[in-house]
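*Asks:* Next come the chains, spelled out residue by residue.
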Amino acid sequence: MEFTALFLAITVVLLAAWLGARTLALALFAVTLVACVATYLHHASDVLKLSF
Amino acid sequence: MTRSLAVALNALGLYAVAFVLAAAFAAQLLLGELPCPLCLLQRIQFALLAIGPILNVRFGARPSHYAASLLVAAAGAAFAMRQILLHIMPGDPGYGSALLGYHYYTWAFIGFAVAIVATAVMLLFDRQFEDDGGTPPDAAGTFARTAVWLVIGLTAANVISTLLECGLAACPADPVAYELLKGMR
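Chains A and B, in that order, give the protein sequences. With my numbering applied, the first sequence covers 1 to 52. With my numbering applied, the second sequence covers 53 to 237.
Incorrect hints may have been included.
To be verified - Computed from the model, here is a short list of chain B residues facing chain A with C-beta under 10 Å:
| hint | residue |
| --- | --- |
| 1 | Leu90 |
| 2 | Leu92 |
| 3 | Ala102 |
| 4 | Ala129 |
| 5 | Pro145 |
| 6 | Ser149 |
| 7 | Leu220 |
| 8 | Ala225 |
| 9 | Ala229 |
| 10 | Tyr230 |
What the hints assert, rightly or not - Far from chain A, by Cβ distances over 10 Å, these chain B residues were calculated:
| hint | residue |
| --- | --- |
| 11 | Phe71 |
| 12 | Ala78 |
| 13 | Leu82 |
| 14 | Ile106 |
| 15 | Thr158 |
Bear in mind the hints are in silico, worked out from the structure with no lab data behind them. Here the structure is a predicted model, which means the values were calculated and not measured. Don't be surprised by glycine CBs; every beta carbon is placed ideally from N, CA and C.
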């Protein structure tokens, strides 16, 4: 569900960049990028098995 | 580099993003390979990569627009690198099938690395940032307008595709079927 929301948010960001005000687009972009990183940190909970 | 050449190169960058999104769709629809959560996150970063070029086409080239894309590409590369590391142990078959010897997440890492280098190269040319009194950026040609709408259309298509794949709950770690369609049966 969160990935659907992120794709929807990016569609809105890109539409704002193309049709809306520059400041609004950059503000929405910043919020979306933070949401992406937060989603990554939420999912990246598996331990990396890197010891050979 | 003139302002109009910079806009044309940014439009080319948008076509490259559209190509990646279309290729991911092709793998999903033609080969039946449903993207995992981490794969979706990388696809999301590719779509968000378009923010810089779209702003450059619309408002003219500015360093801040390139910086936005650089941040996205760095995040995307980090996400792809994590997935590479998850499957780096000897004997691990990796996630999904390989294309030309590399898994999709490895290609994604290469794609984000190329985006970082290409954006840095674009930032080297200062003349694109000067207002030369030429064509207003808002008057983007058909080539650039088509690229913008192509990326926006493919991103919107991903909203539907992801809703079908994950449904209204958390996306499965190893998806094998479209959850929303299963719920309708």
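*Asks:* It remains to establish, for every hint, whether it holds in the given structure.
*Replies:* Quick rundown of the hints versus the structure:
1. Among the interface hints, the one on leucine 90(B) holds; its C-beta lies about 7 Å from the nearest C-beta in chain A, closer than the 10 Å criterion.
2. Here the hint on leucine 92(B) is kept, as its CB sits about 5 Å from the closest CB of chain A, short of 10 Å.
3. Because the smallest distance between the Cβ of alanine 102(B) and any Cβ of chain A comes to about 6 Å, under 10 Å, the interface hint for this residue holds.
4. The restraint placing alanine 129(B) at the interface with chain A is violated, with a minimum CB-CB distance near 12 Å, outside the 10 Å limit.
5. Interface restraint check for proline 145(B): the shortest CB-CB distance to chain A comes to about 15 Å, outside 10 Å, so the restraint is violated.
6. At its closest, the beta carbon of serine 149(B) sits 21 Å from a beta carbon of chain A; the interface hint therefore is violated under the 10 Å criterion.
7. For leucine 220(B), the shortest C-beta to C-beta distance to chain A is roughly 6 Å, which falls under 10 Å, so the interface hint holds.
8. Checking alanine 225(B) against chain A by beta carbon gives a least distance of about 9 Å; that is within 10 Å, so the hint holds.
9. Because the smallest distance between the Cβ of alanine 229(B) and any Cβ of chain A comes to about 16 Å, over 10 Å, the interface hint for this residue is violated.
10. Evaluation of the tyrosine 230(B) hint against chain A yields a violated restraint, the C-beta minimum of about 12 Å exceeding 10 Å.
11. At roughly 16 Å from the closest C-beta of chain A, the C-beta of phenylalanine 71(B) stays outside 10 Å, upholding its exclusion from the interface.
12. Distance check for alanine 78(B) against chain A: the nearest CB is about 18 Å away, which clears 10 Å, and the non-interface claim stands.
13. Interface exclusion of leucine 82(B) from chain A stands, the closest Cβ pair being 20 Å apart, more than 10 Å.
14. With a closest Cβ-Cβ approach of about 4 Å to chain A, isoleucine 106(B) is found to fall inside the 10 Å limit, against its non-interface label.
15. The Cβ of threonine 158(B) lies farther than 10 Å from every Cβ of chain A, with a closest approach of about 16 Å, so its non-interface assignment holds.
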